[in-house]
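Make a model of the complete structure from these sequences and hints.
One letter stands for each residue in the lines below.
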Amino acid sequence: MAVAGALKGEESERELARTRAVTRRCGAIVAVRGVSCAFRSGEIHAVCGENGAGKSTLLKLVAGMLTPDAGEVLVGGRTLEPHTPREAIRRGVAMVLQHFALVPVFTALENIVLGAEPAGRLGVLDLAAARARAETIASDLGVKLPLDARVETLGIGDRQRIEIARALFRDARLVILDEPTAVLTKAEASALYVTLRRLANGGKGIVVVTHKMDEVRVHADVVSVMRRGELVFTRSLDRSADIDAQVDDVTAAIIGSAARGLHSSRPIESRSAVGGSTEMESSVADAVLLMKDVHLGRGLADASLTVRAGEIVGVAGIEGNGQKELVALLAGDVAPSRGTLVVGRTAVIREDRQVEGLVLDASLRDNVMLGELDRFTRWGVLDMTSLEREARARIEHSGALRSVTDEGASAVAPDLDRTARTLSGGNQQKIVVARTLARDAKLVVAAQPTRGVDLAASVDIHAELTGAARRGAGVLVISADLDELRKLASRIIVLARGRIVAELPKTATDDELGRLMLGLSGKSEAETDGSGGATQT
Amino acid sequence: MKHLVRVLQMPALAGLAAGWLAFCVLVWAYGASPSAMATLLVQGTWGTSYGAGQVLFKATPLLFTGVAVDLALRAGLFNIGAEGQLAVASLAAGVVGSRLPHGTPAVLALPATVAAAMAAGAAWAAVPALLKGRFGAHEVISTIMMNRVADGVVGLAIASGLALTGTVRTADVVPGARMPRLEAVFPAFRGSAASFAIVLAVVATALVTMAHRRTRLGREIGLIGLNARAMEAEKVPVKRRLEQALIASGAIAGAASLGTVLGYKGYFEEGLGAGAGFGGVAVALLGRGHLGGLVLAALLFGTLQQGGLALNAHVPKELMDVLQGVVICAVALADARLRAAAVDAVTRPIAKPARGAGAA
Numbered sequence: 000m001a002v003a004g005a006l007k008g009e010e011s012e013r014e015l016a017r018t019r020a021v022t023r024r025c026g027a028i029v030a031v032r033g034v035s036c037a038f039r040s041g042e043i044h045a046v047c048g049e050n051g052a053g054k055s056t057l058l059k060l061v062a063g064m065l066t067p068d069a070g071e072v073l074v075g076g077r078t079l080e081p082h083t084p085r086e087a088i089r090r091g092v093a094m095v096l097q098h099f100a101l102v103p104v105f106t107a108l109e110n111i112v113l114g115a116e117p118a119g120r121l122g123v124l125d126l127a128a129a130r131a132r133a134e135t136i137a138s139d140l141g142v143k144l145p146l147d148a149r150v151e152t153l154g155i156g157d158r159q160r161i162e163i164a165r166a167l168f169r170d171a172r173l174v175i176l177d178e179p180t181a182v183l184t185k186a187e188a189s190a191l192y193v194t195l196r197r198l199a200n201g202g203k204g205i206v207v208v209t210h211k212m213d214e215v216r217v218h219a220d221v222v223s224v225m226r227r228g229e230l231v232f233t234r235s236l237d238r239s240a241d242i243d244a245q246v247d248d249v250t251a252a253i254i255g256s257a258a259r260g261l262h263s264s265r266p267i268e269s270r271s272a273v274g275g276s277t278e279m280e281s282s283v284a285d286a287v288l289l290m291k292d293v294h295l296g297r298g299l300a301d302a303s304l305t306v307r308a309g310e311i312v313g314v315a316g317i318e319g320n321g322q323k324e325l326v327a328l329l330a331g332d333v334a335p336s337r338g339t340l341v342v343g344r345t346a347v348i349r350e351d352r353q354v355e356g357l358v359l360d361a362s363l364r365d366n367v368m369l370g371e372l373d374r375f376t377r378w379g380v381l382d383m384t385s386l387e388r389e390a391r392a393r394i395e396h397s398g399a400l401r402s403v404t405d406e407g408a409s410a411v412a413p414d415l416d417r418t419a420r421t422l423s424g425g426n427q428q429k430i431v432v433a434r435t436l437a438r439d440a441k442l443v444v445a446a447q448p449t450r451g452v453d454l455a456a457s458v459d460i461h462a463e464l465t466g467a468a469r470r471g472a473g474v475l476v477i478s479a480d481l482d483e484l485r486k487l488a489s490r491i492i493v494l495a496r497g498r499i500v501a502e503l504p505k506t507a508t509d510d511e512l513g514r515l516m517l518g519l520s521g522k523s524e525a526e527t528d529g530s531g532g533a534t535q536t
Numbered sequence: 000m001k002h003l004v005r006v007l008q009m010p011a012l013a014g015l016a017a018g019w020l021a022f023c024v025l026v027w028a029y030g031a032s033p034s035a036m037a038t039l040l041v042q043g044t045w046g047t048s049y050g051a052g053q054v055l056f057k058a059t060p061l062l063f064t065g066v067a068v069d070l071a072l073r074a075g076l077f078n079i080g081a082e083g084q085l086a087v088a089s090l091a092a093g094v095v096g097s098r099l100p101h102g103t104p105a106v107l108a109l110p111a112t113v114a115a116a117m118a119a120g121a122a123w124a125a126v127p128a129l130l131k132g133r134f135g136a137h138e139v140i141s142t143i144m145m146n147r148v149a150d151g152v153v154g155l156a157i158a159s160g161l162a163l164t165g166t167v168r169t170a171d172v173v174p175g176a177r178m179p180r181l182e183a184v185f186p187a188f189r190g191s192a193a194s195f196a197i198v199l200a201v202v203a204t205a206l207v208t209m210a211h212r213r214t215r216l217g218r219e220i221g222l223i224g225l226n227a228r229a230m231e232a233e234k235v236p237v238k239r240r241l242e243q244a245l246i247a248s249g250a251i252a253g254a255a256s257l258g259t260v261l262g263y264k265g266y267f268e269e270g271l272g273a274g275a276g277f278g279g280v281a282v283a284l285l286g287r288g289h290l291g292g293l294v295l296a297a298l299l300f301g302t303l304q305q306g307g308l309a310l311n312a313h314v315p316k317e318l319m320d321v322l323q324g325v326v327i328c329a330v331a332l333a334d335a336r337l338r339a340a341a342v343d344a345v346t347r348p349i350a351k352p353a354r355g356a357g358a359a
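First to last, the protein sequences are chains E and D. Under numbering that gives the first Met the number 0, the residue at position 220 of the first sequence is numbered 219, and the numbers go up by one with no gaps. Under numbering that gives the first Met the number 0, the residue at position 271 of the second sequence is numbered 270, and the numbers go up by one with no gaps.
Hint data in this document are derived by calculation from the structure and do not stem from the laboratory. Accuracy of the hints is not assured; some may be wrong.
[Said to hold, decoys possible] Within a straight-line C-alpha distance of at most 30 angstroms, the following computed DSS-like cross-link-like pairs (lysine-lysine) qualify:
1. K234(D) x K441(E)
2. K291(E) x K441(E)
3. K441(E) x K238(D)
4. K505(E) x K323(E)
5. K264(D) x K323(E)
This is how it looks when you write it as structure tokens:
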């Protein structure tokens, strides 16, 4: 046992925090059930799992933001007591939330020091000391922080780095990030991981919640998988062995079955019925969207695009390069300021489902029928019976209530009265998708259809979109996730600075697409992991 | 029924408890005995059929304005202007009701008078409604302003010939435009001013709650109140719906004159029905979009008003106004959602039509 003891000693030296059989209930649901997990310095620890699997809850427990109902959290070998964020930060555990908690009108520097201001005598703020410290941190991070810029003027990547700097300013040794790449482009994400790697090499512990298997594959040292509140497994990844097989195991553990095998980094043959050749031959006659030299204010210029019936076209691009304008145009929110736009009946899956896609505090029944009440109205009065029938059919088809209920409950009739807020992100999105596709539109526009959605729901949503194309709709998918585009679309157009700069086949590589998205030429040159990050700041 | 129980549970209980506590403390501070005053309060209201009738009488306009405010609230609009809408509507009821030919039968006179009142209330609400829909003007501010304007306009109208000379009242409305008193059918209510307007108020409340669930307009208005952005994305005409909600709210507030002008005085005089508009805000906040809740809230505040008169010999009746405020504050504190709505109404940017929940 001597060897084990020695190992244990070394382990505990590296260990920054650990949970011991923690359980946390959220209402009737056990969000985290008896989880024991350790987080060590010097490594990037990925925590994976579907929406609602308990990842965020677990990490909020570690960061002191939630108190456990049973079990305990140890930080630096001692129980976290009192169990508060303040104490967790004092002991070096900081969490960067999915939705940043920065003050928009403050500068980056002010945000970094907020709440931990170095004060001189009489409580006078020592800004010089703060700045020196923040600059040291920035150089540790290997980034340049715009310390004097107001946060509201900064992009998401900068805001995230400010959040991380904020944590480090408080001497955090374990930095927890909740889905840090959900809102980042590929280039920003790889820049982030470069930063995180630096921190890990410098002895910090990094915990990252992520849905993205390619990130796990490339960047994680350790991966833990949560399912239904339980820790399914934790393992170290060995990149000298078959990494694909290891990542497949992770994917299988997340979904809970090995059957669905959809490893994102492997080429997947198109599941859409529209094969290359037949679609190429089809003429403009079956176009459901014809755009010719369309301009929209300053957001979109000279855009020409044709989408045919039965075809899925992908739109790649860094956020803010005309996607919003394109969606607004196709949804009919605005008219083009110039150019020709011919479009069939269009249904749109909006980018921000919680703000534009759903009425969160209304019932599922209302949400799945949103904006269609006129079809069920006679003399101003609703035909409740057929409305109910249609809503029920759509919700059952969507599968939104299938996966959230435990085995026992799935036999029960779906509860259409529960509010959309009570569903996980993936299931909320299924409601939006069900509603949009039920309209039998000629053109379906899907903006970020699986952003923040778990794997299983993504699979379902992709199948729905493919099915819509098979039934004859033209589908335009706008996504920051290049794998998603390649998986769904037969061709991919690239938006940069409001212009359609290229059209590529689905075989286009990340590098090609990435360069085009950044407004560079599409030719592949020497690629390094950091190059994208350097360019985008 | 289950829903009703759930809705009324905590916040209403908290309100009643706080109200009772405040009552005891205030009465005691005036040197009277809380238990004696409470007994007096009950006797003066529900203790006799006359008292009960008076409670119904006081509750009638409150229920109308309550459901008016409630309707706007469903759309996410705070109609603080029921007061002015009712004032203008009451004037219209008095003027139109008194100018009808004397022998006009009730089947014509009453609907015509009520229609005039509701149209006036709607017209008064249409100003903030259109300002809201067209220019995004904050309805809290414009409806409050319209209350002041209503004061002036009613006073001016009274002074410039719409009133009987030398008075601040209109001529009597024709007999056909009078709302029958309850005592005409139920002799037990003899002497009380309660009229069948209370029945119409309950019917109006039922119609509004039903419309919320079963009509396209009501449903869409309710969903807009919860998330206007999503409804806009679905191409529901949000601005028009907001206008319609506020105008309908004004019309219902105007119908409160059924209980005052047509059911009680038989003419309009300056100040008649004053306070009912603001009372309606309280009823709506306590009743929380529920038929039973709204009716009970109107009865509660009607009881307090009438009870205040019963206690006036011992403690000032204004004590009941204080009580009313305490109840509302307690309810608001106990109800997080209400609190959020109030905070939102106050902090929302003033010149923007839709509030932007912009992502970071």
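Hints, verified against the model:
1. K234(D) x K441(E): holds, 17 angstroms
2. K291(E) x K441(E): Holds: K291(E) and K441(E) sit about 19 angstroms apart, inside 30 angstroms.
3. K441(E) x K238(D): Between K441(E) and K238(D) the Cα gap is close to 28 angstroms, so the pair holds against 30 angstroms.
4. K505(E) x K323(E): OK: K505(E) and K323(E) at ~23 angstroms, within 30 angstroms.
5. K264(D) x K323(E): violated, 60 angstroms
Taken one by one, the earlier hints fail for this structure only at number 5.
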